[in-house]
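2 protein chains.
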Amino acid sequence: MKNLDETPRSERNTENNCQEEENQLETSHNKSPLLSDSWKPYQRPRAIVKEWLLKLRCCLGAVCGMEWYGYAALGILTGFLSFLMDLSVSKLLRAHQWLYMKLEGHSLLQFLCWTLYPSCICVVGSSFSHSICPFSTGSGIPEVRAMLAGFEMPHYLSVTNLFTKYVGLICTLAAGSTIFLGKVGPFVHLSTMVGAYLSKLCSLVQTNKKDKAAGEMMVVAAAVGVASCFGAPVSGVLFSVEVMSSHFAVKHYVPCFFSTACGALTFHLFSVWSGDGETLQVLFKTNFPTALPFYPLEIVLFALLGLLCGAVSCCYLFCHRWILQVIKTNPIFIKWLTTEKALYSGMVAFLLASVTFPHFAGQYMASKYTMKQLLTSLLDGRQWTSESHNASVQVDPKPWLEWSSSGSSVYMTLTFFLLMKMWMLVLACTLPVPAGCFMPVFVYGAALGRLFGEGGAYVLSGLTSGQQWASINPGGYALAGAAAFSGAVTHTLSPALLAIELTGQFSHAVPALIATVLANARSRSGHRPSFYDAISISKRLPHLPSLKKACPWLPSTPVGQVLGAKAVQLQKTAGLVEVQHAVNSCTETQIPVVDSHESQILLGFVLRPELLMFLRHCKTETVEKHLDEVCCIHRASVLLSPHNTVQEAHSILSLVGTQALFVTDSGRLVGLITWPEMKRILEDLAKEI
Amino acid sequence: MKNLDETPRSERNTENNCQEEENQLETSHNKSPLLSDSWKPYQRPRAIVKEWLLKLRCCLGAVCGMEWYGYAALGILTGFLSFLMDLSVSKLLRAHQWLYMKLEGHSLLQFLCWTLYPSCICVVGSSFSHSICPFSTGSGIPEVRAMLAGFEMPHYLSVTNLFTKYVGLICTLAAGSTIFLGKVGPFVHLSTMVGAYLSKLCSLVQTNKKDKAAGEMMVVAAAVGVASCFGAPVSGVLFSVEVMSSHFAVKHYVPCFFSTACGALTFHLFSVWSGDGETLQVLFKTNFPTALPFYPLEIVLFALLGLLCGAVSCCYLFCHRWILQVIKTNPIFIKWLTTEKALYSGMVAFLLASVTFPHFAGQYMASKYTMKQLLTSLLDGRQWTSESHNASVQVDPKPWLEWSSSGSSVYMTLTFFLLMKMWMLVLACTLPVPAGCFMPVFVYGAALGRLFGEGGAYVLSGLTSGQQWASINPGGYALAGAAAFSGAVTHTLSPALLAIELTGQFSHAVPALIATVLANARSRSGHRPSFYDAISISKRLPHLPSLKKACPWLPSTPVGQVLGAKAVQLQKTAGLVEVQHAVNSCTETQIPVVDSHESQILLGFVLRPELLMFLRHCKTETVEKHLDEVCCIHRASVLLSPHNTVQEAHSILSLVGTQALFVTDSGRLVGLITWPEMKRILEDLAKEI
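Protein sequence lines correspond, in order, to chains H and Y.
Position 209 of the first sequence, counting from 1, maps to 209 under full-length UniProt numbering, and the rest follow consecutively.
Position 233 of the second sequence, counting from 1, maps to 233 under full-length UniProt numbering, and the rest follow consecutively.
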């Protein structure tokens, strides 16, 4: 219950906080053996520096709470990391393109350059992440969701993991559009790692708000991840709202916006300063006609596109679930993915690169474009077909040139692209490298929307044979398609706003939103898990909503059925021996106290430090005392009954923020639900699927 | 706990729902005396119509749940109401303008026209709303917030209120920029009334999900209110997230977006069809330069503007709290506002209109502009000062002409406008008519931003004497200022996104967001209540966050201290007499059952219908039976202790969605917290401020 009522108490004594903290720190300083050691050099300068630092902290603390500096630092750091990653990736991609161009005329050499470059990068990335931190592979969003739901997974938040994932992700992105993997998911994970590190730092500086800060920083970090990945502050916050398991605490709202604004600003500012542009601009500039973005009746077409995207996403998600199943059960895959990760990555990358070789099938799928160029070309505001008819008149550069370079019609190229990328994307997701799936799915959706838009424009201009439908803008359909398809695959709505923020086309907000809502409706129907849910279930992560989507009745299991071995308990009149036994046999912070072992009526709990104090007390005194004479028995605030379902227990545990919930049956203690216990329960339930 | 675990169970038996419901309805039809009456005419046609309706319901239910049709209807209805209101208001405003123009040359007649028209409209609006439904006056957002927090306030949701508020609001808006009041707040209230009505309708059609639907529809309706007021779907949802008291349930997210998209679409489509524009466009079109929206270093200026807006908002809020206090305590005001509402409205309106008369002080504050024209002129993308220097070159229309019509400099006009509107706005808020305060505050902020921007451009171009700062865009500052000031006054962040959605200027998202966050930080510091909080406290509405802002320690009162008289309870072995007494003396649905009146150990609760059944049972049988032999004693799922604070009890009550929480002390029943009891506790606490 701490996080609910801490604010007023902490606010009440803000005034004298500063002085107190200083005193505390000084006291701890004097106590700490390391700092007061007289053999350390420069005693005097160190004392001066320390004094200044304390003064600085007081000054900073006078403006606002320390956690706000943490949020700002989180935004700025993540924004900077994002910019740095984009810069390195673009340099690596340009190197590849330069080499490929230089080899013009030597087809074999070009083939080798085209295939070996991404393969080698993938091998490097895969072996690097595998050897340093195996937890760094994959998207990371399923793990972040489980952590946001309250479970502790310290492996996924280490600084080693941060470093490994960062380098690994650069490798993955540098492999380019051949491998067709993205940045968002791993970047959200990276951001939570930065957040976890900063919250540790904050709690070092700030002594009183430890447990609160960590959870809040995680929620903010999830938002900042998306925001600084694309410089899109609002959709970052919406993403954070969506990934929270069941309830978004409104008090996180302002920190989220503050931090995402810092992140987006940093990302944009660095882009400006590096010479990418004169001012803060959207990532993908579009040239949609502003006077007449779309006809009102086109809304129907956008709705149809949404349903189409939903249907295609179901197909994609089915393939994805199938490959996850194959990886887990097929002995060949198991062997390769456990022992020969680097080789597997190299081979898959080689296969994908061979298929996309521009002199081979690649010419029919615009494989020369990078991810960014692909998206820019698909979002172009002019009709490709009508422009290609009167190509002689055309003077300004056509960003979609690559789509018709093979000489075949753009409909053919787009269809071929969609068919090929479907299986390539499914295959690429099995690569054991840090990689996201959002951006590829976004581009895929844009291609789907483009095909729909171009087709629609062609059909409508043929049907009505008038000028009215001639100015239909297929770029708008690409935008809506991208939002709808990526929303349907991930079962979220924030892509709709993200698409708007990426392009700055607010005129298309309503169509994109409608397409995304309908695509979501189509893809969520019939208990189909989303992309991330499928990974959660496959990895057996403790994430309740995923379980619920796969098996809706599973979270309704009564708590009584799944409770583990009975927890250690103490009776009111416990003596030295019993307390000693309890302290040795369990590690919980809160140990329940009952009236007597026979009646089992729950009285409350004692804290572990108090028990240790009791033990010391007993050892010094001669007369043996009872537990209730020495320790304070705290009342348990919220009690559960064994008939409550697992889902209810989970909701209450996550909402009230206590360490442990006591399960009682008519006042009698039955069991104890803590976070580790809940994790065990959910992991057990996931096995049943 | 129902709303947390209902979904899986309900989903499990979706397949055979349709048939069952049909059977149920048919059975109830046969039972219902009204429908089976043989004297009613047209038996056969009515049966056919009924059959078709049932079939239609089955068909609709097969596509998606009935509640989704409800959400769509809510969006469409509210969008239509919003459009209709805008249309009527614009006609009334045009009539006033036409009359004023016709009287050109007759100053006295013009004065009478200028002052009497809004005064009469205000008198009509005030007396209309007072005589039909007194609950319809004011903004309505404080009441909506209290209802969203879980309290029932049926007076505020009646259909009479809907009608009264709608007509009253048209009157207020038709009084124009003289009275300077807005539409958002009352429209959110209107939308919740429509939502409450639709949820009743839905629960008639759909028999199984009654209690869930009402709460969900309210959350959605709050979002739809903002969305269809301006055709801004995303900021509507963000507003709904912000007004939720402490936790936003993520399951409301998709319904909110779906409904707001429908609302915004309807609003825009009707605008298009009525001939306002050829396509769906933003409400306030701007002409900001797209190539270079702003220099990166201008971010510092935007941050300063945010802090300035925060400071001015503190001043405004202080005045507003002062006038609320005066109204409550000053005997003259009390007398006028209780007995002579219409006269008071008329007089205040006359005073405000006299001051803004264009031949008097009005010429220095652009009083000829309507609210929309004011905002459009302030958001203009060109510098007013530089343009007025070389006025001879200028050919295209200057939308800010009115600001310099008096011949004095625009700085003077803007400053005068800001100074005058401050007290006028505070005075206008006391009018007993349905009226919002968001839009005036938004315009005020835009003027503040404009002044800052124009001043900044002048100073900077003077300082640097170069071309670099010459192209600074004061419209961007007006945008950020509007967002920041309205955000600071209402303590919300959604105005930042609303400003973007209203103008479609995504390039200014980051500056507007930064200004709004800083303004919020400034205005929230030091426990200052927001505009809505002040009204909540003044009206003694049961809204915990408002209380918390005014007195942070008040919600930390232990529940044990404020619990009312002990609730009626039954012992396990209760007989006929005790049960009869309990049924007569209390109206709760859940009646607690204890082991015995001596031990007071809580066993659970019985439901009221079961007690009535028990009474029937006892009357028919001869042998007297005990309660536990006949009734099922349900276990209480969540228990509280008397040491839990009011805030904790409120959070748990609102989160778990039960009817009643039992307060126990070591297993013994101490009291019962229900929603009415919580309302009483909060109202009592509000008296202490």
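Errors might be hidden in some of the hints.
Using 16 Å as the maximum straight-line C-alpha spacing, the simulated EDC-like pairs for lysine to aspartate or glutamate come out as follows [claimed, not checked]:
1) 251(Y) with 51(H)
2) 572(H) with 595(H)
3) 251(H) with 242(Y)
Hints are computed from structural coordinates only; laboratory data are not their basis.
For each hint, the structure was consulted:
1. 251(Y) with 51(H): Not OK: residue 251(Y) and residue 51(H) at ~50 Å, beyond 16 Å, violated.
2. 572(H) with 595(H): 5 Å, holds
3. 251(H) with 242(Y): OK: residue 251(H) and residue 242(Y) at ~9 Å, within 16 Å.
Hint compliance for this structure: hint 1 is the single one not met.
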